[in-house]
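**Student:** Just so you know, the protein sequences line up as chains A and B, in that order.
Going by our numbering, the first sequence opens with residue 576, and the numbers climb by one from there.
Going by our numbering, the second sequence opens with residue 576, and the numbers climb by one from there.
Certain hints may be false.
Since the list gives no way to pick one copy over another, a pair counts as held whenever it fits inside one copy or between any two copies.
Claimed, not checked - List time: in silico SDA-like cross-link candidates among lysine to any residue, alpha-carbon distance up to 20 Å:
#1 LYS999 to THR1019
#2 LYS846 to PRO871
#3 LYS920 to THR761
#4 LYS890 to GLN926
#5 LYS849 to GLU1055
#6 LYS843 to ALA962
#7 LYS908 to GLN919
Simulated from the structure, these hints should not be mistaken for laboratory data.
2 protein chains.
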Amino acid sequence: MCRDRLNNTYAQVMYDFSAEPGNNELTVKEGETVTVLNQNVGGGWIEAQNSRGESGLVPEDYLQVSVCDDDDDGEWDEEWDDARSTGGYGETTGEEEGEATGRNTHTHMKISLNKFAFSKIPNPEVYLLAKLPPKGKDRLAIYMGDVGPVWLYPQSPLDCVVADPKKGSKMYGLKSYIEYQVTPNTTNRPVNHRYKHFDWLYERLLEKFGSAIPIPSLPDKQVTGRFEEEFIKMRMERLQGWMCRMCRHPVVSNSDVFQLFLTYRDEKEWKTGKRRAEKDECVGPMVFSLIDPEAPELDIIEVEQKCELFSRFTKEMDDGVKDLLNVGNIHWKRCTGPLRKEYQKIGKAFQNLSSVFNTSGYTGEATLTDALTAAGKTYEEISQIVAEQPRKDLHFLMETNNEYKGLLGCFPDTIGVHKAAIEKVREGDKMVAAGKINTQDKGTMAKRISIMCYSLQAEMNHFHSNRIYDYNRVMQLYLEEQIRFYETVRGGQEREGSMKR
Amino acid sequence: MCRDRLNNTYAQVMYDFSAEPGNNELTVKEGETVTVLNQNVGGGWIEAQNSRGESGLVPEDYLQVSVCDDDDDGEWDEEWDDARSTGGYGETTGEEEGEATGRNTHTHMKISLNKFAFSKIPNPEVYLLAKLPPKGKDRLAIYMGDVGPVWLYPQSPLDCVVADPKKGSKMYGLKSYIEYQVTPNTTNRPVNHRYKHFDWLYERLLEKFGSAIPIPSLPDKQVTGRFEEEFIKMRMERLQGWMCRMCRHPVVSNSDVFQLFLTYRDEKEWKTGKRRAEKDECVGPMVFSLIDPEAPELDIIEVEQKCELFSRFTKEMDDGVKDLLNVGNIHWKRCTGPLRKEYQKIGKAFQNLSSVFNTSGYTGEATLTDALTAAGKTYEEISQIVAEQPRKDLHFLMETNNEYKGLLGCFPDTIGVHKAAIEKVREGDKMVAAGKINTQDKGTMAKRISIMCYSLQAEMNHFHSNRIYDYNRVMQLYLEEQIRFYETVRGGQEREGSMKR
């Protein structure tokens, strides 16, 4: 991120945004530059300050936080402890610096095409025309299922639990960090990992599989919570969610690097494995060389159509998900803000009236004043219920959609590799004419684009089945909580009503 | 009302008011002068324009609409038909001009102490020292009930129905008006009255009973509805409410003028009765001369204490009622505005996502897309229910509190007469010393202030018993509707939830 000598981070405003009064928001205009005060407020918001010194929240989608090319520190530490002492999440922690090495949200990456290879569309030529290495044991199996090409799924699905965050320290206690316990269901043996290990894993997976499989960013920037414990809990929950999604992917979960992360037995095995993974040369588009589906070669037209279909679908779903997140955010804020206050005020107004009535000196109005007081209290309870409801139902809906937002943000790059390959294959005749390739190479390219297309289809089918599972689950939970909500409120009202009669 | 040559009405801003965005409101500052565009938008709002030409709604309590002393036309017509054709409720109708002759809301009256006798605190001296006229048949009976002094209530309560508004015309059809049919339960024979007759009745009642009994203003300015039919319906409902309250008052309902209004048999009887009523000299503080409670004389200290108690109670209830009206207004606007839109948007977001999912080409997700669509539709239904709810429950709560706001606004003047009388009696010794009155006069004054105090107690007891009845009723209806509301929403959600399983 770009910082000036005062260590400030800046952002460019991409769209006009009007603050809603009383919600701690900041009105900004397209083209304006603001200072980023806190990127970790959560819920899709960034705390920013304008040139007039006014500060408030702005939706993160409305801002483009600057990325500099001169920022490339490979080493960082989780100095959240220091960060806390010098101003909490508003300050840039070592981890956030680390983001500049590639862990930004995907949208951001796309806009600020920086120097890191994986953020540009990798050139598929290396695979299309390469002399393939001998087939090893790490083949990626695709077979034809009911829905078309699918990855080979393991008999028993991998899963893991991220738990028990513990504070560790190094450099004689000068620097502290959090270590999480990760326990896979295969060995049932916990291994310890710091956030930076997760980040290392993410980079390896992105590098190796990014051309074929969308690898969502680690949940770092989206972490909410202003207090240490809340922050750690939230980060842990989201690391758990990220690990679950990786475990559910047959290709990712079966890879050497992922298995190493989950099952290394000692420091030596971890270090050896790390070194091996970092030396892996079958990365980027070369990952397609691991695939050899037993299926008829696909026509380039068909390949292109499928690619277009997936591109359109993921783009449209991305819009739909962002729309839902937007309105969900607004509703969340209304429930916990103005609506809560309003019900409180109605409650207070009823109770005030009851107090006044109690001073009348007139006999026989206890029933009325009791009823008014109870109605007032019911409204105060409704105020509480309404304010707490988002945490109960909207939370899960938002978390799931946030996860999908991250996942969908990876598709343009993944699909981009395929589109670039199609382009290349379409140029085949010209390349033959120019003597750059021979007709045999052209045949190889046609065969390989077909393999890539099977890979993309398998990945889309994986995405669809997960999507259906996840959304069915989240909708059911959401609607059940909503029913419980209206039942709770009605219950209170009914008790109230019956008291009056 | 003050108007300039362009026929504009102005108002002074009494308190700062911040507009809520998207709600068609106008931010105004204390001391600012605004042009009144429409006083009849209803719900306690006035449409106003500031000096920069911006216009929007401002709560009527925040504005003081100017009153001029040079505006005294005794004759007016209900030219709502003309008003409609020249710009609707925004234009000042003949009736509104009539308001300057005394039919403003009470609060307004207090502030702009104008030349009309009944808006100043009438001087109780006329009664305290007057030689009383011989006792006639129209005595106002007070007896000692369980709760203290009470008016004598009739065996069967008077009631009437205001219905069947009909358009009439005069001046060869050049001017048109609305005539309402008023049918009392005593004769069961309908009589016809125009709004201006109601207004005449109001003035007579105020003149005759205003010192002893709060006579609420006619519902004119508060009428909502942008279309003729809605306007007439609303006015009729409020005239009905006003008549009901008058019928329920034992003193008012039994008075000659009120009986004339309800039971006149022909034009001649009406005109004769009108003339007699207008000549009635037993008005203002002299109304106390009609009271002769059979009860021990009250000590001046006790009189003062009771007066203070009632003054404090009505002031505090006035604050409480206004508070409830304020928060009710805000809640009404939120339900019909932002909240409705928000639920609509959530509904649309779910349905959009469903549409996108439908284009996946993946098999077996009909259950999910059906559920998403249904959830979306449910939210659109909730949006409707939420928007319509205020009309079902809040409406009645607001109408009742509005009525009480009007009634409570009359108490300061009524209580003011009593306080002025107490002042006078306390000066008794000085007046004797100055030779203005003799000791016998002083005794008379003490006896008469005691009578006034019985009258005030009877009136307060009448107010309390009505208040308890009205608020019990409105709270019960409100809570029942609220339960129905949450049940309806929950029902929809539940159908939705069960579909999904």
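**Student:** Next, verify each hint and record whether it holds.
**Tutor:** Here is how each hint holds up against the structure:
Taking the shortest alpha-carbon separations for LYS999 and THR1019, only the intra-copy value of 12 Å comes in at or below 20 Å, while the best inter-copy value is 115 Å. In this homomeric assembly, LYS846 and PRO871 never come within 20 Å of each other (Cα to Cα): the closest approach is 42 Å inside a single copy and 104 Å across copies. Proximity of LYS920 and THR761 under a CA criterion of 20 Å is satisfied in neither setting, with 55 Å inside one chain copy and 44 Å between copies. Taking the shortest Cα distances, LYS890 and GLN926 sit within 20 Å of each other only across copies (16 Å), while inside one copy they are farther apart (52 Å).
In this assembly of identical chains, the alpha carbons of LYS849 and GLU1055 never lie at most 20 Å apart, being 45 Å within a copy and 67 Å across copies at closest. With identical chains, the CA atoms of LYS843 and ALA962 are never at most 20 Å apart, being 51 Å at best within one copy and 66 Å at best between copies. For the identical chains of this complex, LYS908 and GLN919 are neighbours both inside a copy (16 Å) and across copies (16 Å), given an alpha-carbon limit of 20 Å.
In this structure, the hints that do not hold are numbers 2, 3, 5 and 6, in rising order.
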